[in-house]
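*Asks:* From first to last, the protein sequence lines are chains A and B. Residue numbers are given in my numbering: position 154 of the first sequence equals residue 168, and the series is strictly consecutive. Residue numbers are given in my numbering: position 72 of the second sequence equals residue 95, and the series is strictly consecutive.
Because the hints were derived from the structure by calculation, they are not lab data. Glycine included, each C-beta is placed from N, C-alpha and C at the ideal position. Each hint should be verified, as a subset may be incorrect.
To give an idea of the interface, some chain B residues facing chain A are shown, with a C-beta separation under 7 Å as derived from the structure [stated by the list, open to error]:
# : residue
1 : G133
2 : G158
3 : I203
Stretches of chain A that chain B covers, calculated by requiring three or more beta carbons in the stretch to come under 8 Å of a beta carbon on chain B [as the list claims (entries may be wrong)]:
# : segment
4 : 40 to 50
5 : 72 to 84
6 : 158 to 168
7 : 374 to 382
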Amino acid sequence: MAPPAGPEIWVTGLAWTTPLGDTLDGVWGRLLAGDTGLHPTPSAHPLRTDRAGVVPGVPLDWAPSRRQHAITVPTLAAAFGSAGLDPADPAVRLVLGTSFGSGLDEPTAYLGAWADAAAASIGHPHPPVSVSTACSAGADGIAVAVELIRAGTTEICVAGGADVVTPAKRLGHSALGTMSRDTLRAFDRRHDGMVPGEGAAFLVLETAGSARRRGAAPRAILRGTGAANDATGLTAPDPTGDSVVLAVDRCLAGSGYGAADVAVVNAHGTATPLNDAVEETSLGRMFGGRDTPPVVFATKGALGHSLGATGAIEAVAVVLALRDRKVPPIVGLDEPTAGFPLPLAIGGPAALCPGVGLSLTLGFGGFNTCLLFEGVDDAA
Amino acid sequence: MPPDAAHLVAAGLGAADTADPAGFARNVPSFYADPAAWLVATAAERALDSCAVAVRDDPDRIGVVAVSPGCSAATLAVIARSTARGAVSPLRFAGASPGVLAGLTCIRRGLRGPSLTVTMPAAGGIPVAAVVAAGWLRAGQAEYVLVAAHTIDGDGHHARCAVLRRGTGGPAADLPGLLIPA
Numbered sequence: 015m016a017p018p019a020g021p022e023i024w025v026t027g028l029a030w031t032t033p034l035g036d037t038l039d040g041v042w043g044r045l046l047a048g049d050t051g052l053h054p055t056p057s058a059h060p061l062r063t064d065r066a067g068v069v070p071g072v073p074l075d076w077a078p079s080r081r082q083h084a085i086t087v088p089t090l091a092a093a094f095g096s097a098g099l100d101p102a103d104p105a106v107r108l109v110l111g112t113s114f115g116s117g118l119d120e121p122t123a124y125l126g127a128w129a130d131a132a133a134a135s136i137g138h139p140h141p142p143v144s145v146s147t148a149c150s151a152g153a154d155g156i157a158v159a160v161e162l163i164r165a166g167t168t169e170i171c172v173a174g175g176a177d178v179v180t181p182a183k184r185l186g187h188s189a190l191g192t193m194s195r196d197t198l199r200a201f202d203r204r205h206d207g208m209v210p211g212e213g214a215a216f217l218v219l220e221t222a223g224s225a226r227r228r229g230a231a232p233r234a235i236l237r238g239t240g241a242a243n244d245a246t247g248l249t250a251p252d253p254t255g256d257s258v259v260l261a262v263d264r265c266l267a268g269s270g271y272g273a274a275d276v277a278v279v280n281a282h283g284t285a286t287p288l289n290d291a292v293e294e295t296s297l298g299r300m301f302g303g304r305d306t307p308p309v310v311f312a313t314k315g316a317l318g319h320s321l322g323a324t325g326a327i328e329a330v331a332v333v334l335a336l337r338d339r340k341v342p343p344i345v346g347l348d349e350p351t352a353g354f355p356l357p358l359a360i361g362g363p364a365a366l367c368p369g370v371g372l373s374l375t376l377g378f379g380g381f382n383t384c385l386l387f388e389g390v391d392d393a394a
Numbered sequence: 024m025p026p027d028a029a030h031l032v033a034a035g036l037g038a039a040d041t042a043d044p045a046g047f048a049r050n051v052p053s054f055y056a057d058p059a060a061w062l063v064a065t066a067a068e069r070a071l072d073s074c075a076v077a078v079r080d081d082p083d084r085i086g087v088v089a090v091s092p093g094c095s096a097a098t099l100a101v102i103a104r105s106t107a108r109g110a111v112s113p114l115r116f117a118g119a120s121p122g123v124l125a126g127l128t129c130i131r132r133g134l135r136g137p138s139l140t141v142t143m144p145a146a147g148g149i150p151v152a153a154v155v156a157a158g159w160l161r162a163g164q165a166e167y168v169l170v171a172a173h174t175i176d177g178d179g180h181h182a183r184c185a186v187l188r189r190g191t192g193g194p195a196a197d198l199p200g201l202l203i204p205a
């Protein structure tokens, strides 16, 4: 495949709001400490588990659309602020992703309305680009931003995803059987499903030239994006792992890096047996048997599965992992499934070997997306 | 239009129009997708079938971008009503994802290129889809990209799909002109 055209793309700002808080290093510190934001959460209806990961300070009795707005807007503003940008700057474009957002509980004829409202609230002058690819939406928002920058449409994008816990989503995952009966244990022998979570994360992606002109420093360099559809079913992944491998191969192609250069993978890690099995298979095919295989970590045991936000939240986690050269433990993982082919972060933070980081998301509808980040210490 | 998008050539076109997309749905007891996704999949399959070249030889190299402001709104409304009763159909929950507008075509035709659903009105979403498609084609992530738009007006629902390839030998595809009904 051809190398990526266009400029080098830096991450010059980032922000997140999660069940463990809303400051960059505060949440990161709690993740490294092995904390969890999953707790019993009231529901009007019986569910497989009453646990959920909800954002503190955003009342559950607010309408889902109001909660989505309340989580999205401060996170967007914080992302601009962390990059030293004004939300009203006309040079910036927004790309926002979600899965259902509030649309599963409050019907709407326009699914991008939440994104428009968020842009208006921060005083941004352009209509945002809005995307929805289930649990890959946050990652795909970032990937679309990369294409807009590479095409020369803009030099700066603020991109990511947001999503909320709602009654309909909890009922849906409970009925579908993708929800755990207890709590989320990715890659553990006891894994039996996900626990819903919510949050938002946005990255400021900027050409190196623009950043240098502004005096903005890189937090990381986004070296690649890749995607592949499973073409298998709406909820079950392709068990062969073929399309996950395709997504990662496409991400690495032209990035200047190969599989041997990958030091860390943030797995999707939903803890459904189907998801964990396909990740075990595909990661083993790509990275198994190497002298220094990448360490695998996952954040959903701490933050819940935030659906359309998770790809962006996990991208932030990879950037911070590359900064600190360590990853947090996988909350809920005590005894890995037999034969897991790569080292997992168990019991405490795990150190990284030199190399780059991948963030992998697998969404309903077959949306597999991979992002490749290079830490600034690794940059030539 | 960005330079990459100016080098897109339409290798095939397809359309499907209806007052009620449910007429296009081929749901069965074990599989459900929102009717609008079936309408888009119909237009996409007609576009693939219209291609003079063997576009379908390598389904791993065919990507899909769908553009729709409402996507699966009909099924979302059904689930919202049932949520109040404390019961959500797992089948409909799975088939209500807005992403199904791109995903169903991938499932139906075994397409494993990149895929995306843009939840915007056609006028704003199609130029974004063109940039994304051009990027996938230029980087070699796909050899062909199906770009489909779902629109609703007083006559009902419309789906238009173009099969795009990279090329400079023919006229650049006027995507808004091809995908938005006159």
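*Asks:* Are any of the numbered hints broken by this structure? If so, which, sorted upward?
*Replies:* 3, 4, 5
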